[in-house]
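Undergrad: Quick mapping for you: the protein sequence lines, in order, are chains A and B.
Per our numbering, the very first residue in the first sequence carries number 1; after that it's consecutive.
Per our numbering, the very first residue in the second sequence carries number 1; after that it's consecutive.
The hints are simulated quantities; they were obtained by calculation from the structure and are not laboratory data.
Note that the list lumps identical chains together, so a pair holds whenever it fits in one copy or between two copies.
No more than 20 angstroms apart at the CA atoms, straight line, and that leaves these computed lysine to aspartate or glutamate pairs for DMTMM-like: (1) K9 with D111; (2) K9 with D143; (3) K9 with E43; (4) K9 with E145.
2 protein chains.
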Amino acid sequence: MATDAELFKCGMRRLAAGVSVVTAIDSLPHGLVATSVSSVCVEPTPTLLVCVNRNVSCHAVIHKAGAFCVNILRSSDVQLARRFSAPENRAARFDGYGWVPLTTGAPALLDALASFDCRVAQTIEVHSHTIFIGNVLSVRLPDTEIAPLLYLDGRFETLRADTATS
Amino acid sequence: MATDAELFKCGMRRLAAGVSVVTAIDSLPHGLVATSVSSVCVEPTPTLLVCVNRNVSCHAVIHKAGAFCVNILRSSDVQLARRFSAPENRAARFDGYGWVPLTTGAPALLDALASFDCRVAQTIEVHSHTIFIGNVLSVRLPDTEIAPLLYLDGRFETLRADTATS
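Assemble the whole structure, with the sequences as input and the hints as a guide.
TA: Below is the structure:
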């Protein structure tokens with residue numbers, strides 16, 4: 001008999017999500033992979049949220065900086081997502097990709113599908129996690145094909161181009 | 001030149017998301033389509049969130065009931081998603097599909113990929129939207145293929161089975 005926690009985790013594995021790298025900066029850049037980014041509202045200020053485990057090192061950096069940048073990954077970014085998921089070799093996470101600060105100083109991935117540079121407007125502590133609500137100060141939106149990296153059932157996935165149904 | 005709001009909306013269209021129908025009940029069942037569901041934490045109580053526009057009719061019903069049910073849709077549920085997105089014919093939205101109450105009384109879709117029956121634990125008002133944080137009281141998890149309905153760039157999408165990359 002599965003526990004409630006196990007059933008919940010199994011159920012949540014069925015919720016597909018786009019994959020983002022969320023960055024923040026103190027003296028060095030930090031980042032984490034997130035599948036918990038959501039738009040909150042557009043007016044009067046574009047606002048989004050991300051849920052972050054308090055045990056990840058980037059959590060304290062976001063808190064201290066009061067800012068973060070959400071970078072939506074492409075289907076080709078599996079290696080980058082793995083790098084930011086793995087605990088080892090944190091110092092090299094930002095190597096070999098282009099990053100640029102927008103407004104807050106948090107690194108925006110040059111090759112992201114979209115980047116949202118945010119100032120923390122509100123934090124909500126919910127046990128092991130913090131919901132960071134961010135006011136979006138800058139958006140970087142390359143002119144590109146929209147082919148995102150997805151996460152579902154513990155795996156990275158991509159979309160089939162010919163299945164659009166509307 | 002795009003406004004900040006337009007840039008934000010264009011950027012958010014690039015964030016893929018699983019599609020859910022969120023239900024609540026007063027004397028009648030109500031529901032809305034959501035792409036803003038996210039897991040929050042597992043311990044001590046499985047907890048999730050959903051962002052809901054205050055202008056949709058179901059918002060007040062969730063508030064009043066203090067409960068809601070998140071139902072993750074399948075790739076084959078495009079018509080159901082359209083039905084719950086359209087403003088007309090609200091009374092017929094629940095017809096022709098099987099629904100069952102779990103713990104709170106909110107309707108769970110029998111054929112959902114997963115259903116999460118939640119008691120509202122906290123509400124955070126952010127301008128036009130409310131973030132409902134729900135403690136999950138019951139999970140319904142059919143034994144089935146995990147083929148979700150996705151939303152990206154203003155369209156419903158499905159996954160290609162042969163593209164798993166881990």
